[in-house]
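Novice: With the hints as extra help, turn the sequences into a complete structure.
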Amino acid sequence: MTRTVETTQRTTDTARPPLPRLDETEADLRAWLAQQAWPGARWLLAHTLEGVVWGRLTRDADDPGALDAPAQIVLGSDIAAFAPSVRGRLIPAQLESCHLFGPDGELFVWRDDNRLHARLYRDRPAAVNGESGENEENGRNEAEAGSEACDYFDEPQLLWGTQTEPAGEQGGFTLVSDGVQGFRHAVPLTQIPFDPWDAAQKQRPLRLWVRHYLGRDPQDGTVTIAGSRLLRLDVDRIEVD
Numbered sequence: 001m002t003r004t005v006e007t008t009q010r011t012t013d014t015a016r017p018p019l020p021r022l023d024e025t026e027a028d029l030r031a032w033l034a035q036q037a038w039p040g041a042r043w044l045l046a047h048t049l050e051g052v053v054w055g056r057l058t059r060d061a062d063d064p065g066a067l068d069a070p071a072q073i074v075l076g077s078d079i080a081a082f083a084p085s086v087r088g089r090l091i092p093a094q095l096e097s098c099h100l101f102g103p104d105g106e107l108f109v110w111r112d113d114n115r116l117h118a119r120l121y122r123d124r125p126a127a128v129n130g131e132s133g134e135n136e137e138n139g140r141n142e143a144e145a146g147s148e149a150c151d152y153f154d155e156p157q158l159l160w161g162t163q164t165e166p167a168g169e170q171g172g173f174t175l176v177s178d179g180v181q182g183f184r185h186a187v188p189l190t191q192i193p194f195d196p197w198d199a200a201q202k203q204r205p206l207r208l209w210v211r212h213y214l215g216r217d218p219q220d221g222t223v224t225i226a227g228s229r230l231l232r233l234d235v236d237r238i239e240v241d
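Numbering (our numbering), first residue to last: 1 to 241.
Treat the hints with care, since some could be wrong.
What the hints assert, rightly or not - Pairwise CB distance ranges (calculated):
(1) Gln-72 x Glu-50: 17 to 23 Å
(2) Arg-59 x Pro-218: 41 to 47 Å
(3) Gln-72 x Val-223: 30 to 36 Å
(4) Gly-40 x Leu-158: 21 to 27 Å
(5) Arg-87 x Thr-58: 31 to 37 Å
(6) Asp-13 x Ile-225: 18 to 24 Å
(7) Gln-72 x Asp-220: 47 to 53 Å
Please keep in mind that the hints were generated in silico from the structure rather than gathered at the bench.
Where a beta carbon is used, it is the ideal one built from N, C-alpha and C, also for glycine.
Specialist: Structure (structure tokens):
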């Protein structure tokens, strides 16, 4: 696989509003995450003591002010038709990590030292020919706020899922399972291109894309992955020889 290295202007923000305490409720954490969501945030992936939780963010497309209003977070585990195959809630005391992500950024929440922490990465093009006026001023303001030019490459990771379960598509999610082990999760995608005739080949078209930021060692010039974030969820087709 050929990797194309490009450059982005990345802003890192660790000064997030206070997170819920571990003794607070799922409603508190979901409300906090919804308040932090920006217009480009589209998906949620969390790991909890109960399992993997997928989610998607929605806004009222008919509301002119929807982009400024808090997003609604819908979880695969909210869908009754998927029970009991899909479990997991966003309860602070059970949360291990949570990614709220989209093409232009990621909010990462993790648990450590009996409390929750958060970090936000936001990307924008490092340079745009002919940029001027308001965009140029916004670029200067963002740079002054602590953004930095970062080289990066994007990499797809293969996800479990070889077929759709009988519950099928519900509410923008698809319940999928993998092979004879039957590992199930509800991914926030529909119309996943599983080929029934190719089931014996264990085709896995689901892809989770990750953006890797590169850093250079000032001593010897070695280039390494200095940080990563989730980028998008989509599908691909495996070519079988």
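Novice: Each hint should be assessed against the structure and marked as holding or not.
Specialist: Status of each hint after checking the structure:
| no. | hint | verdict |
| --- | --- | --- |
| 1 | Gln-72 x Glu-50: 17 to 23 Å | holds, 22 Å |
| 2 | Arg-59 x Pro-218: 41 to 47 Å | holds, 43 Å |
| 3 | Gln-72 x Val-223: 30 to 36 Å | violated, 41 Å |
| 4 | Gly-40 x Leu-158: 21 to 27 Å | holds, 25 Å |
| 5 | Arg-87 x Thr-58: 31 to 37 Å | violated, 22 Å |
| 6 | Asp-13 x Ile-225: 18 to 24 Å | holds, 21 Å |
| 7 | Gln-72 x Asp-220: 47 to 53 Å | holds, 49 Å |
In summary, the numbered hints that this structure violates are 3, 5.
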